[in-house]
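Produce the entire structure from the sequences given, and follow the hints as far as they go.
Protein chains in written order, with my numbering: chain A, 1 to 261; chain B, 262 to 645; chain C, 646 to 951.
By construction, these hints were calculated from the structure, which means they are not laboratory data.
Hints are all accurate, no fakes.
Below, simulated EDC-like cross-link-like pairs (lysine to aspartate or glutamate); rule was C-alpha separation at most 20 Å, straight line:
{"#": "1", "chain 1": "B", "residue 1": "Lys-604", "chain 2": "B", "residue 2": "Glu-346"}
{"#": "2", "chain 1": "A", "residue 1": "Lys-124", "chain 2": "B", "residue 2": "Glu-326"}
{"#": "3", "chain 1": "B", "residue 1": "Lys-316", "chain 2": "A", "residue 2": "Glu-154"}
{"#": "4", "chain 1": "A", "residue 1": "Lys-7", "chain 2": "A", "residue 2": "Asp-209"}
{"#": "5", "chain 1": "A", "residue 1": "Lys-79", "chain 2": "B", "residue 2": "Asp-523"}
{"#": "6", "chain 1": "C", "residue 1": "Lys-743", "chain 2": "C", "residue 2": "Glu-833"}
{"#": "7", "chain 1": "C", "residue 1": "Lys-923", "chain 2": "B", "residue 2": "Glu-449"}
{"#": "8", "chain 1": "A", "residue 1": "Lys-122", "chain 2": "B", "residue 2": "Glu-326"}
{"#": "9", "chain 1": "A", "residue 1": "Lys-79", "chain 2": "B", "residue 2": "Glu-524"}
{"#": "10", "chain 1": "C", "residue 1": "Lys-923", "chain 2": "B", "residue 2": "Asp-452"}
The residues making up each chain are set out below.
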Amino acid sequence: MTKGHDKVLAFRGVTKRFGGVVALDHFDMEVDEGQIVGLIGPNGSGKTTSFNVLTGIYAANGGEVEFLGQDITNWPAQKVYEAGVARTFQRSRLCVDLSIFDNIMIGNHQHLNHGLMFNIFKRKAFRRQMEESYEEAKELMTIFDPPLADRMFEAVGTFNMIDRRRIEICRALISHPRLLLLDEPSAGMTEDETRQLMDDILVARERIDGLSIVLVEHEMGMIERVTDRCVVLNFGQKICEGEYREVASDKLVQEAYLGVE
Amino acid sequence: MTDKSKDMLIGLTAIVLGSVFLITFIAIESQVGILALIGMTAIAVVVSARMGISKRISEAFSSNEALMNGTVIVALLVVTVWFREDHFPLLMIATVMLYLTACLGLNIQFGYTGVVNFSGAAFFGVGCYTAAVLNQHTAIPHLMVVVLGGVAAALVGSILILPVLRTRGHYAAVVTIAFGILFKTFLEVNDTLGGPQGLKVPGMEVLGWNFNSNIEIGDEIELSFYLNYVAIGLILSVLAFALTRRVERSWVGLSLDAVRLDETVAACFGINIRRWKITAFTLGNVLVGMAGAVFAMMLGFIAPTNFAFGDSLILVSIVLLGGMGSPWGTVVAAGLVILLPEKLQAIQEYRFLLYAIVVILILLFRPQGLLPRGLRAYVPGWRG
Amino acid sequence: MDAGLLGQFVANGMMLGMMYALVAVGFTLFFGVLDVIKFSHGDVLMVGTFAGFSAYLGLSAMGIDNVFVQLVGILVVAVCSMAFLGAVIARYLVLPLKSAPPLNILLITLMLGTVLREAVRLFFPDGSNPKPFPYLLPTDTWSFGSFTLRADSVILLLGGLLVIVGVHVLINKTKMGLAMRAVAQDEETAKCMGINFNMIVLLTFALGSGVAAFAGVMNGLYYNEINFSMGLLLGVIGFSAAIIGGLGNIYGAILGGFLFAALQTVGAVALPFSSAYKDVFAFAVVIALMVWRPTGLIAEKSSERV
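Right under this line is the structure:
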C-alpha cells in the first residue's frame, strides 16, 4: 500500500523543548527506502531525542514527521510501531527476568493474536502460533548469536551485555519493520564484535524487504563502513550531511566534536 | 524404573505427604502437638530444600502437570471427606479456597500486570453485599448471584479505572487505599446496606438443594453442610487457577508482564497499556467478587468490619508471601495464612502481631516468596 | 449556618490541617531522601504519643505537678524517643531494602505499623482501651457571639506553626538541611561530594518522626484522649496529603494537609446528611484529584531517562 515511496522517513523542522532546553531545533532529515543512514553528533546533540520523538515517546513542539507518506507526528508509540518502526535503546532495555524468547516475542506483538478467547480457549491454535513464532525467533537469533539460539528459554539476566544487545536487535527485527532505529548498538563492544554486529545487521537486512536503518553511533569506523549517508547533529540542528568521508572532513563537524581553536 | 515414572512417583509421594500433613494439622487439637508438627515440617522442608529434593519435586510437577494437578484435587477431596462430619475444619478449608480465588485475582492484577490494589477487601465486600442483597430481595438463582457478585465487583472497579490508569507506584497505592477506606466508611455510615451492624445472608441453594442443611445419609451419618461450600469453593478455585495458568502461559500473560516490567518498551512495541491494565484489573476483580459472594452465603452474615484496610493487606500479603505471579505459591500461602492462626489458639491474641512480624521477615530475607515464579513455559516441558 | 458555628468548624479545620500537615511533612521528607514511603509513620506518631503519656505518668508518680514541666517532659520524651525510633527503623528496615521493589518496602512498613499498633495494644497496660490525656494547656476560652475560641487551640496552632517554620529553616538555612536536599536530589552526587548518605538518611527519618510525635502530642492535648489505633487513619490521611501536595515537596505536604482538613470540614458542613460522610467525601476528592494530577498538585520533579 505504501510501497513504491522512495522516501521512507522525513523529519521536517522538528522541534522539541524540555523546559528551557531545546533538544531538537528545526531538525530536518530524510531517509530513502533501503538506505542505511548514520546519525552522528556529540553527546547531547539530540540524536536519541529524535528517536524518541519519532517513536511517540515524546511529543514534538513543532514540525512534522512523515513515515511512508503518512504524517505520524505525535502519533502514540503503539501506532508508530504498527506502521513499521522498531528500535533499540541506548541503555539496553530488556526484561531481564523474562526468557530470550519472551523478550523477542514482545517485539512481535503485531503478528500475534492477543484476544482473550484465543489465548485462553483455543490452546491448540495458540500452540501452533507459539511454535511458529519460536522457529522465526530462533532463526533470527542464529544469525546474531548462534549459541543463544539453543538457550531461548533462559532468562535474559544470565547473559552478558553484548549478548543482550544482540537479543535486543532481534526483538526489533522480529516484526519485519520497514524502519529500524539503532541507538548506539556497539557501545561496549570490541572492534571485532562491532564488525561482527554490523555484518549480522546487513545479513538481516537482506532478509527483510525494503528495510531502512537509521544508526546512531559514536564508533566512526562502523559508520564509515556501513552507512550510505550521514546526518550530523549539533545542538538539535542538522549541521551537515552527506557521505561519511565528506562529513568527516567538514569544518563545522570538526568544530562540533573537537571545539573551536 | 524409567525417569518419567520416577518423576511421577516423587510428585505423588510429595502430594500424599502433603495431604497427611494437612489432615494431621487440621485434626490436632493440642497446642503442643501443633507446634511440634509445625517444627518438624519446617525442618523437613528446609532439609529437603538443601538436599535438592524440592527441586526434584517441582520438576516432577512441571513435567507431569495434568497428573499432578489432578492428584492434588483428589488429595483435597480426600482431606475433605476425612473431615466430612466436622463443621469447623470444613469451614476453614472452604475459606482457604475462597481466599485463594480472591488472591489469584489480585495476583493477575499486580503479580502479572503490576496494578497495585490495596482495596481487595473492598471488592470482596462488594461480592458479599451483592449476594446479601440479591439473595434477600430477589429470586435470582444463586449460582447466577455468584457470577453477579463478580460483575458487581468489576463495575465498582470501573470507578477506580481512571485513577488506576493514570497513577503509578505510590500514587496508585494511595488511590486504592483511599478507596478501601471510603468503601468501608460508606457502608458504616448509612443504613441502606445494614450499616455497621451488617446484613444477614440467606444461604446458597442450587436447584432445590439447600447448602445450609446437613446432609443425612441413612440414620447414622450426618455430613456437615459445609461440604457443599467446600465443593463450590473447590470448583471456583480450580477455575481461577486454570484461568490464571492459561493467561500466564499465553501472549496475554506476556503483554501483562511487559506492562509491569517496562511500560515504555511495551508501548514502543505496540502493547496497549491501558487495555491490559483495564483487562487485568477487571478480571481480577471478577474473581475477587465471585469469591466474596460465595463467602457471604457460607457465613450467613457480613458486616463492614470484615472489609477493612487490614483485610486488604492480608490479601496482598498472601500474594507476596507465596511469590508474586506464582499460582502454587498463592495456594500454599493462602493455606498458611488462613489455617495457621486458627490452629494456634494460644496465640490468638497475638495473631496479627506475629503475622506482621513473619511477613516482615519474609520480605527481608526471602522477598521472592515461598514458591517463586519461574520462567514462562508456554507449553510446560516444551523447549523447542 | 451562622458565622459562629462556621467559625467553629474553621478553627477545628485549622487544627486538623496543622496536624495532618505535620504528618505529611514526615512522609514527604522520607520520600524525598530515600524514595520510600514509610507507612508506619502514623503508628510511630501513636507510639510517640504513648511515650509522652508514659512520661506524664512517670512525672506525676514522681510528684512533679508543675504543668509546664509536665508539658515539656511529655514533648521531650515523645519527640526524642520517636526521633530515635525513626532512625532505628531507617537503619534496620528501610536502608537495607533500598533497592527492593517499592511494593516490598510499602508492605514492610505497613506491617511494621501493624507491629507497633499491636505491640501497644497488647503490652501497654490496658492498651486496647482509650486513655485520657491530661489537660495541660490553659482551658480559657474567648467567646465572640456563638463562636468560642479555645486558648489551647491557639497555643497548639502556634506550636505547630513554630515547628513547621523550624523545619523550613532547618531544611533551607542549615548545612544539614542542605545535605538533606542534596541527597534528595541525587544520591550518587551527594555521596561523591562527601556527604555521609546513611547519616543523613537517619537524621531525616529522625526529624520526620520527631515532628510526627509532636503532632501526636498535639492530638492528645486537643482531644484529651489517645488510643492505639489513632495512628492508622492519621497515617493514611498524612500520606494522602503528602501525595496531593506532590511527594518530596515540603510545601506541598503542608498544603496537602490543610487541603485535606478543608475537604473534611467542607464535607462535614456542606453535606446535608450525617457529617460522618466527611471522610468519604474527602477521600473521594483525593481520588478525583489523583486523576486530574497523577503526580500530585505540585508535580514530582522527576524524569525518566529513555
